[in-house]
Amino acid sequence: MTKATVPARPPCRLYLITPPSIPDVGAFADRLVEALEGGDVAALQIRLKDVADSEVRRAVEVLAPLAQARDVAVILNDRADLAKATGCDGVHLGQQDGSVAEARRLLGPDAMIGVTCHDSRHLAMEAAEAGADYVAFGAFFPTTTKTVDYIASPDVLTIWQETMEIPCVAIGGIDATNAGGLAGAGADFVAVSNAVWSHAAGPADAVRALNAALRG
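So for the sequence shown, this note's numbering puts the first residue at 9; every next one is plus one.
Quick caveat, the hints were computed from the structure, so don't treat them as lab data. Quick reminder that beta carbons are idealized off the backbone N, C-alpha and C, glycines included. Some clues are possibly wrong.
Now the in silico label distances, taken between C-beta atoms and shown as ranges [what the hints assert, rightly or not]:
hint, residue 1, residue 2, range
1, E173, A208, 32 to 40 Å
2, G139, A60, 26 to 34 Å
3, G224, E42, 18 to 26 Å
Starting from the given sequences, assemble the full structure and let the hints guide the process.
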């Protein structure tokens, strides 16, 4: 009997997240272009916290065309309704941000829907069964971008890779020094924010370094 082979997954790629606050969208647009020209980026999540809907709409209006022109998917954090209204490619849902089914109804069959699953394979399997396109595990390392309530082990990526087909995203404190290890553990994407926007040599250099780490 011939042993079945599992198809190799594509190489791990970058999933870029905006800062939680963007006081000057025009100035940030220039930095986003720098980042996107620094190397391969699969997706951009627009993640703004505690701001009016009008600010989210403005950010999408300015930033989404820059990403989409470079074949970078634009994902809006939390709000499926605003993702629909602003023409984003998908939405990323936290555990309290509504159901995958409702997001799918709003956004349609081609939208990309991701779900935060913390350190839980159980939550991830529920999301997959509900029709999510990817699940996100983390945080893997300390981060200043958001409050960390859950710490995930790289083992969760390895087990997911071995047992499930939909992609997984690693998030939380990731930079060029540790991204390669998470890719090796099984991450299909690594989500980064502060490591790019606060990089001493600029966002393009940060993206180059992260891509080199993933290829290594």
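Hints, verified against the model:
1. E173 x A208: 32 to 40 Å: holds (39 Å)
2. G139 x A60: 26 to 34 Å: Cβ of G139 to Cβ of A60: about 31 Å, so the range 26 to 34 Å holds.
3. G224 x E42: 18 to 26 Å: Check passed, 23 Å falls within 18 to 26 Å.
Every hint from the earlier list agrees with this structure, and none is contradicted.
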